[in-house]
Amino acid sequence: MEIQLREERSDAPTQCLKSAASRMLCMYKTMLRIRTFEECIAEMVETREARTPCHLYIGQEAIATGVCEALRAQDTIWGGHRSHGHYLAKGGDARAMLAEILARSSGCSGGRGGSMHLYAADVGVLGTVPIVAGTVPLAVGAALANKLRGDGGVSVAFFGDGTIEEGHVHESLNLASIYRLPVIFVCENNLYASHMHLSERRCRDNIFEAGRFYGMPSERYDGNDVFTVYRAVAQAVRRARAGGGPSFLEMRTFRWRGHVGASWDIDVGVQRRGELQQWLPKDPVARAREILIRHGVKDTQLAEIQVVVDQEVACARKFARESQQLDGGGTLEHVFYSSNEAFKT
Amino acid sequence: MRTINYAQAIREAHCQLMETDPRVFVIGQGLWSPWYAGTSLLDLEKTFGKHRVLDTPVSENAVTGAAVGAALSGMRPIVFHPRMDFMLLAVDPIVNQAANWSYMFSGKIGAPIVIRSVINRGGEQGAQHSQATHAMFMHVPGLKVVMPSTPTDAKGLLISAVHDGNPVLYVDDRWLYDEVGEVPEGMYGTPIGKAVLRKKGSALTIVAISFMAREATRAAEALAQEQVYADVIDLRSLKPWDKEMVLESVRRTGRLVIADSGWHTCGAAAEIAATAATEAFYFLKAPIQRVTLPDSPAPTSAAEEMTFFRNWRHIVEAAQLTLKGEKCSNAL
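Keeping their order, the protein sequence lines are chains A and B.
1 is the number of the first residue of the first sequence in this note's numbering; add one for each residue after it.
1 is the number of the first residue of the second sequence in this note's numbering; add one for each residue after it.
Pulled out of the complex, with its shape left as it was, chain A reads as follows (with noise of 0.2 Å):
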């Protein structure tokens, strides 16, 4: 299938890009410790370590990391059910994740949700969750709170290009832009929802418009380029803060492994067709590292970081595995959440 893709050339000016110098290794590195710490969770989900069902964000680093790039720790971002890179790049905490992941109560979540519910509250990850499509109306609302209270947040919803499918994401974007709010779509069409491929799905290849029969910019990227990804969304988050209201990006990528679950060639039991050839060349964290080098960034730095982050996944990994289990006697437990508010009678 060929798509055209509005891409922002990455090897555009050397002027602009090292006066962001920073900011590319800095991206480099995000989408590295991405992709090192699913790569360790893979192994975790093969050897059945891990047994909460894990949804591998390999060869989408770009995305999140591009995205996260361009927003504040107060910014809220909405994930779902393959979203360990959404909260890595947002800057959760690691090693609170790996513990999450093996359901200790040293995890980010409390051992309470497993992969698939991820939160860290003080970087603006208020939790990911796996219905597909449920937390993109709490994107909206989260705009609305930032506007109510003019404090100048955007919130930012991540979903995959089988959301778009379910009825409400058409009501968020009208509700997001008939009040003008702050928040960002990125939909992350990989391709798939679950075993099923767009042509199986959809009349057309054309996620990329819908936002346009909402009245607000809508257009489609190249998710495999950290740069694109980040010039975009930046400028979309100046749009909102600016109260020019929302954006809807199509970010075109491919998952490496299956819709669930470390393997390589099956998605929920169904044969994968085989595309995974034709998106190895366009692994997003070998692009930007090939573009670093390009402008002068040393191998021996490169490696240095790549030492930096194994050093974090096995510190992570340890601290997960040495995490205290959960005793199995708190089943009623934070059913209900203590408020101190209650009105007093």
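Don't read these hints as lab results, they were simulated from the structure.
Be a bit skeptical, because a hint or two may be false.
Output of the computed footprint for chain A on chain B, the stretches with three or more beta carbons under 8 Å from beta carbons of chain A [unchecked claim]: (1) 55-65; (2) 92-99; (3) 102-108.
Per label pair, the in silico range of CB-to-CB distance [said to hold, decoys possible]: (4) L326/A - G126/B: 21 to 29 Å; (5) L280/A - D21/B: 50 to 58 Å; (6) A314/A - C266/B: 50 to 58 Å.
Bear in mind that the values here come from a model prediction, so they are computed numbers and not experimental data.
Virtual Cβ for every residue (Gly too), placed ideally from N, Cα, C.
Based on the hints, put chain B in the right spot on chain A.
Only chain B this time, still in chain A's reference frame:
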């Protein structure tokens, strides 16, 4: 004390909540129209602005979800569904999202949202404009459900719900909007989870919910003319519900009638009956009676409505059956 009606009491609660707390806002369908909300939201947008009293497109799911998102982000939204039937399009944000949020994240965060939903039936509106589905929501962990029957509680429970910090489904009934009662002018809360004894008696216990609590009081007055005195308990909260008060009364009277304006099967009355049968079995002198709607959609014609909906006379009949020790009041 000053008296106002049920709808005015709801409106007053909204005003006082918005005056005292900048986090509170109202969002939903029909907020700027008396057609949808009666006088319960009349002209609120003129006082507080349309940015804070948001009349929305017909998008129940996204609107409710947006309110959940705002709640998670530190606001205190009240979502309005002018009919409970319409709210069924918003079950995902209520049941999957808001109700689970605290638990999924080990109590690190709550979803302080009030979902206000109106039972609005009669007048030949038919099956999709008449439903009272509160029992479905009573089933869900993490969700509180309140159903005031008096102006005093209509105001107090809304204030408590907004301050609760958890998702609360607040159900009011249009058939109660003209009920007049004494309502304190200041801000006050009615405790969630506490029932109230409306009448005192020893012959039997009548537990009633929302509109049927008003009917239960009338039934008790009719029974009193025959020297039969009933405890009338207005449950007010369905989740959590006041088991202690109900069980204490049943242990004293030995006879129980439950009146609810929802359906029979798996309804609120079924849960209360099961609890009484389990926890007060040896005190019961007669089978428990349930006054509920037949397991049928609401009819349209006025003649059929007359036989479908329940009122105080059905409660009196059920009371007489339990006093005789006979079983099954509803031929369902």
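Per the hint of 50 to 58 Å, is the separation of the Cβ atoms of A314/A and C266/B within bounds? 52 Å, holds
Mind checking, does the segment 55-65 of chain B have 3 or more residues with a CB under 8 Å from chain A? This one holds; 8 residues, not fewer than the three required, reach chain A with a Cβ under 8 Å.
Mind checking, does the segment 92-99 of chain B have 3 or more residues with a CB under 8 Å from chain A? Since 4 is at least three, the answer is holds.
Are L280/A and D21/B spaced within 50 to 58 Å by their CB atoms? 54 Å, holds
State, for the Cβ atoms of L326/A and G126/B, whether the hinted interval 21 to 29 Å holds or is violated. 50 Å, violated
Is the listed coverage of the segment 102-108 of chain B by chain A valid when you require three or more residues with a beta carbon under 8 Å from a beta carbon of that chain? It holds, with 7 qualifying residues against the three required.
Consistency with the previously given hints fails for number 4 only.
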